[in-house]
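Anchor point for the sequence shown: position 46 equals 45 in numbering that gives the first Met the number 0, and the numbering is continuous, going up by one each time.
Worth flagging that the hints you see were computed from the coordinates, not collected in a lab.
Just so you know, nobody snuck in bad clues.
FRET-style restraints, in silico, Cβ to Cβ: (1) 201 - 385: 47 to 53 Å; (2) 384 - 187: 55 to 61 Å; (3) 444 - 327: 36 to 42 Å; (4) 285 - 444: 40 to 46 Å.
Using N, Cα and C, we set each Cβ at its ideal position, and we do this for glycine too.
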Amino acid sequence: MNFRGGAGADSFLGGSENDTAYGFGGDDQVQGNGGDDVLVGHDGNDTLNGGDGDDWLVGGAGSDQMNGMEGIDWVSYEDAVSRVTVDLTLANWQNTGGGGTDRMIGIENLYGSAFDDTLKGDAGVNVLSGQNGADILDGRGGNDILNGGAGIDSLIGGEGDDVLNGGAGDDTLNGGAGIDWASYEGVAAAVSVDLLLSTAQNTQGAGLDRLLYIENLAGSAFDDMLSGSTLANTLQGQVGDDALYGRGGNDLLEGGAGWDWLVGGLGNDVLDGGRDYDWASYEDAAKGVTVSLAAIGAQNTVGAGVDTLIDIENLYGSAFNDTLTGDAESNSLLGAAGNDRLYGGDGDDTLSGGVGQDLLDGGAGIDTASYAGAATGVFIQLWGNPTQETGIGSHTFVSIENLYGSAYRDFMWGDASINWLAGADGDDALSSWGSGDTLDGGNGDDLLTGTVGVVTLIGG
0 MNFRGGAGAD SFLGGSENDT AYGFGGDDQV QGNGGDDVLV GHDGNDTLNG
50 GDGDDWLVGG AGSDQMNGME GIDWVSYEDA VSRVTVDLTL ANWQNTGGGG
100 TDRMIGIENL YGSAFDDTLK GDAGVNVLSG QNGADILDGR GGNDILNGGA
150 GIDSLIGGEG DDVLNGGAGD DTLNGGAGID WASYEGVAAA VSVDLLLSTA
200 QNTQGAGLDR LLYIENLAGS AFDDMLSGST LANTLQGQVG DDALYGRGGN
250 DLLEGGAGWD WLVGGLGNDV LDGGRDYDWA SYEDAAKGVT VSLAAIGAQN
300 TVGAGVDTLI DIENLYGSAF NDTLTGDAES NSLLGAAGND RLYGGDGDDT
350 LSGGVGQDLL DGGAGIDTAS YAGAATGVFI QLWGNPTQET GIGSHTFVSI
400 ENLYGSAYRD FMWGDASINW LAGADGDDAL SSWGSGDTLD GGNGDDLLTG
450 TVGVVTLIGG
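Model the full assembly from the supplied sequences, consistent with the hints where possible.
Structure follows, in structure tokens:
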């Protein structure tokens, strides 16, 4: 039901549905009854009673009494002509400044004006939204949600487990007691946030923010970098190709949608890649790790605590001697430095040992040994001795069908099976050893030699 009053004192009684009522001029009596109602007093000294449901009450100018009654109800100062100061702990009439002298009963949430507001919650669960202006939001008790909006805002969670969203502008986010979140879900660009920093930091996408007593981070819809502290943190990448660094403590890293890079660090961590093609990295481990993507539940990584990997497709090792094992899907395993053992398992896997004496065992499927990150050209032949000096270390090849070269001059030979040899950049020499091979020189002046049967040559 919709109601529009006139210049006099109007009375409106809603029904059981969602009602919208505008009192306009005069001292109006407006009651929503059932449903989620929007009640607007405008001018005059109005009485707004929400009734059942989750209601939106706008007193407007004048001295208004707003009673949310049942449900989770809002008082909004969206049309205030100047800044407001509102305190939900006050049961009597209070001078709000730009919104007149109002009384609020049964109100859980506040919506500010376009100016510099001060909004204070109570001991319960509140949502405080500052909108534009340099706002001060104080949640006090309860598990509150504070939304600063545009402007240079100060958000204080108080007691309870709070979510603080500063929005655009240079904000101070003080979680207070409890387990609190700094959320960047609504910002318009990627953010970089570090919980170790107690001074103002350039978040890139959301201004210069200062984070105090914040335990957890929620990123944006873009490609974020979120870094934890020495304590237990939860880092949520949301949408985008995110990089999450847990550091110390027993952390929960949730990549969300996108191709994410998860580094648990010290402690017993849960790394949940979410959707798409995600990595668990042990780049900062203090010693070698043993990690299997086929493991269900927690596993002792030896060098980086007891970790649980969920929806992780790829592994990146440490600077030491690692053992990395794939699962039944197609995985990428990168050993980095050290003498590593890489086991692809089932699926069409890509194995990159890096520098050191490495074992590359593709397992079932059509598997590739990749040297895309090599700092020099490589020399590899898949026929003959499985262990050979590649130019970046002695590597042993088991069940490897394909080779991908470096950015430099590579020499690569296939074997009697069907191979795909890709030179990438550099002036490469690629030779097949059987029928059905594909030789892809990539960039550069390449020499492609097909010795037996039908060979596909791609010059680049």
